[in-house]
Amino acid sequence: MKIYPWLDSAATTVVGIKHALGEGCELLNKLEDAGWIIDGTESSDMLEETYVYRYMAEGMLLPEPENPVDPNAVAVYLRFRATKKSMRPHKMAVRIGYLPEKSSYKRHIKKATMVKIHCRDMISGMSPARYFDADVVDVPLKLSSKEYKSMGINLDLE
Numbered sequence: 468m469k470i471y472p473w474l475d476s477a478a479t480t481v482v483g484i485k486h487a488l489g490e491g492c493e494l495l496n497k498l499e500d501a502g503w504i505i506d507g508t509e510s511s512d513m514l515e516e517t518y519v520y521r522y523m524a525e526g527m528l529l530p531e532p533e534n535p536v537d538p539n540a541v542a543v544y545l546r547f548r549a550t551k552k553s554m555r556p557h558k559m560a561v562r563i564g565y566l567p568e569k570s571s572y573k574r575h576i577k578k579a580t581m582v583k584i585h586c587r588d589m590i591s592g593m594s595p596a597r598y599f600d601a602d603v604v605d606v607p608l609k610l611s612s613k614e615y616k617s618m619g620i621n622l623d624l625e
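Just so you know, we're using my numbering here: the sequence shown kicks off at 468 and counts up by one.
The reader is advised that the hints may include incorrect statements.
Just the calculated beta-carbon pair ranges, DEER-fashion [said to hold, decoys possible]:
#1 D512 <-> N534: 34 to 42 angstroms
#2 M554 <-> P472: 41 to 49 angstroms
#3 S617 <-> A501: 47 to 55 angstroms
#4 E493 <-> Y615: 41 to 49 angstroms
#5 M559 <-> P607: 19 to 27 angstroms
#6 K577 <-> H557: 24 to 32 angstroms
#7 E533 <-> N621: 42 to 50 angstroms
#8 E625 <-> V519: 50 to 58 angstroms
#9 Y471 <-> E516: 44 to 52 angstroms
#10 G489 <-> V536: 18 to 26 angstroms
In silico lysine-lysine, DSS-like type, Cα no more than 25 angstroms apart, as pairs [claimed, not checked]:
#11 K485 <-> K583
#12 K583 <-> K569
#13 K569 <-> K609
#14 K577 <-> K613
#15 K552 <-> K497
#16 K578 <-> K613
#17 K558 <-> K577
#18 K583 <-> K558
#19 K613 <-> K469
Please keep in mind that the hints were generated in silico from the structure rather than gathered at the bench.
Think of the CB as a built atom: it goes at the ideal place given N, C-alpha and C, for glycine as much as any other residue.
Based on the provided sequences and hints, a complete structural model is requested.
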């Protein structure tokens, strides 16, 4: 019997979030005030005086060859949805940061690529402090059928 390896993708942390969203997540606050929320599955907990919201959401990786700092930069976008049906567009993408400089995924992303993003949004009840971080957790690997089949091995079940 011919078997093939399961190709898991490792999570990679999104960098530059404070630059993209603001030191205290001011952009997230403005988006929420304007009626936008992260479009994903949400769960929440309360730890002491801090609310922790976790999301599994859709995202997009977008190469930025015109980026003057890093022509190999890959921006990470998170999908938001409108809370009111009258809002247009009803869904939008917001840049939340970049793949890390040494990310192995950067060389595989040549065009817009849909991914899953795990987000943590922490809001302190004691002060107006807010902290947001995200990991890209599901990056499709770009292999041809021939490349994938070359990884197969024979398994003797007798």
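Against the structure, the hints:
1. D512 <-> N534: 34 to 42 angstroms: 37 angstroms, holds
2. M554 <-> P472: 41 to 49 angstroms: 45 angstroms, holds
3. S617 <-> A501: 47 to 55 angstroms: 50 angstroms, holds
4. E493 <-> Y615: 41 to 49 angstroms: 44 angstroms, holds
5. M559 <-> P607: 19 to 27 angstroms: This hint holds: roughly 22 angstroms between Cβ atoms.
6. K577 <-> H557: 24 to 32 angstroms: With a Cβ separation near 29 angstroms, K577 and H557 satisfy 24 to 32 angstroms, so the hint holds.
7. E533 <-> N621: 42 to 50 angstroms: 47 angstroms, holds
8. E625 <-> V519: 50 to 58 angstroms: Since the Cβ atoms of E625 and V519 sit about 52 angstroms apart, the hinted range of 50 to 58 angstroms holds.
9. Y471 <-> E516: 44 to 52 angstroms: 49 angstroms, holds
10. G489 <-> V536: 18 to 26 angstroms: Between G489 and V536, where Cβ atoms are some 19 angstroms apart, the hint holds.
11. K485 <-> K583: 20 angstroms, holds
12. K583 <-> K569: 20 angstroms, holds
13. K569 <-> K609: 18 angstroms, holds
14. K577 <-> K613: The given pair, whose Cα atoms are some 20 angstroms apart, holds under the 25 angstroms limit.
15. K552 <-> K497: 19 angstroms, holds
16. K578 <-> K613: OK: K578 and K613 at ~21 angstroms, within 25 angstroms.
17. K558 <-> K577: 24 angstroms, holds
18. K583 <-> K558: 16 angstroms, holds
19. K613 <-> K469: Roughly 14 angstroms separates the two Cα atoms, so the pair holds.
In this structure, every one of the numbered hints holds.
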